[in-house]
Amino acid sequence: MSDLITMDDLSNEEILEILDTAERLVPVAKGDMYAPLLQGKVLGNLFFENSTRTRMSFESAMKRLGGEVVNLSSVGSSVAKGETLYDTMQMVDGYSDIAVIRHPRQGAAQYSADAIGIPVLNAGDGAGNHPTQTMLDLFTIRESHGTIDGLNVVLVGDLRYGRTTHSLSHALVRFGAKLTLVSPDSLRMPDEIVTDLKSHGSEVVETEDMAGSIAEADVIYMTRIQKERFPDEDEYTKVAGIYKMTADDLAGAKEEMIVMHPLPRVDEIDPSVDSTKHAKYFKQAFNGVPTRMALLCRSLGVKVPKEVGQ
Amino acid sequence: MSEMRRVTAICNGTVVDHIPAGKALQVMQMLRVDIGRSNPISLVMNVPSGKAGRKDVLKIEDRELTQEELDRLALIAPNASVAIIRNYSVAEKRQIELGSELVNIAKCSFWNCITQNSREPLPHKLRVISADPLDLRCSYCGRSQSIEELAKSIL
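Protein chains in written order, with my numbering: chain A, 131 to 440; chain B, 382 to 536.
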């Protein structure tokens, strides 16, 4: 039984093992094979904040493995009546075998894990971390490049509030990535994260220039400027729409360079990019299913038999 | 002969010596000895010190600070020395220790941390990432904490 709150909860070896397991689970994720490994288990899917892909892919992952899902959203539940997170989690502890939580407050996932006994998976806590997204991002990178070692990765957009980039950058530097952090000054990666990234000995470059970062990139990870995270709407208006990638911008890119995005996108990736060989964001969204299957099995202590995916 | 005593010896209580110069008021805030009590408190600031050039000293009468209270000092005065005085003599010397985690000493100062909801019952926890330079992070949200902010959110 184990929680996943930040990428620090996984060693490099564990990350690679989970990716291997996820790869074997792809036929199950596609519905081409049935493997009821989690039959009789119940997932508590707790979304205190909007979600499309994360919530649906966790639900799909659980159901494809024969498990059941109980859902909670903050609208229409006792959360709206002012219940503390602690109290809500006590209920979940009684109703399910594993909890997935997304919450607008940072630290909510660790708090939940401390509050209850069943494993907790962090599906996004405010502007904090989003480790299950990182696992599917790493899966997507490995699927395209054959490795997650030593790549040149460019992260673009809202690096201040973007929890996907916080978790992903932490994982990538442990595999020797060179990181280029592209953002307007007001959305720079928080200082404590940049300090942590540099402490791994990786090269970390901060710039506002996306166009100049494309030619050398193996991966360009675009993110949305998240209106909902800005305390001040004027600040949002100043930077909204600052980065817009079109197919023409990719003319000088490496052949094998991939463009990723945790989605949803607004206008930062033009639809003209969708039909290029570089676009991987829809594949990336599918990869959430096998990756989250592997994470659910791991946290519930269920081994995926060798026959699966052979 | 040593410099003339600026503050007289106390009969019973706690003496916190070798506080970094200028930090005594912050120490009082951290120890919460400045509110709701009537103990006499003597405070000297910026006096010459052989060790550090200048130092502050705090004498709190009729109150023996507990180890838990003293550990709060590690945040701003890790090298301070503490003596418990009984009947004008040093009865005990206490060490200040900065452990690996500070539990229920201060609240995380980040506005969007889950612990900002005062009704949430779990303890406030700060992890010590590094003692020198001091790097403290909330055990829940992971945010770095500034000492100035923490002094305002002492529990």
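I should point out that these hints are in silico values taken from the structure, not numbers from a laboratory.
Heads up, some of the hints might be wrong.
Stated by the list, open to error - Selected chain B positions facing chain A (in silico; Cβ < 7 Å):
(1) 392
(2) 469
(3) 493
(4) 495
(5) 500
(6) 501
(7) 502
(8) 503
(9) 522
(10) 525
Claimed, not checked - In silico DSS-like pairs for lysine-lysine, Cα to Cα no more than 27 Å straight-line:
(11) B:488 <-> B:432
(12) A:211 <-> A:308
(13) A:328 <-> B:506
(14) B:440 <-> B:533
(15) B:488 <-> A:211
(16) A:407 <-> A:384
The beta carbon of each residue, even a glycine, is placed where N, CA and C say it ideally should be.
How the hints compare with the structure:
no. : hint            : verdict
1   : 392             : 45 Å, violated
2   : 469             : 47 Å, violated
3   : 493             : 5 Å, holds
4   : 495             : 4 Å, holds
5   : 500             : 5 Å, holds
6   : 501             : 5 Å, holds
7   : 502             : 5 Å, holds
8   : 503             : 6 Å, holds
9   : 522             : 3 Å, holds
10  : 525             : 5 Å, holds
11  : B:488 <-> B:432 : 33 Å, violated
12  : A:211 <-> A:308 : 47 Å, violated
13  : A:328 <-> B:506 : 26 Å, holds
14  : B:440 <-> B:533 : 22 Å, holds
15  : B:488 <-> A:211 : 25 Å, holds
16  : A:407 <-> A:384 : 11 Å, holds
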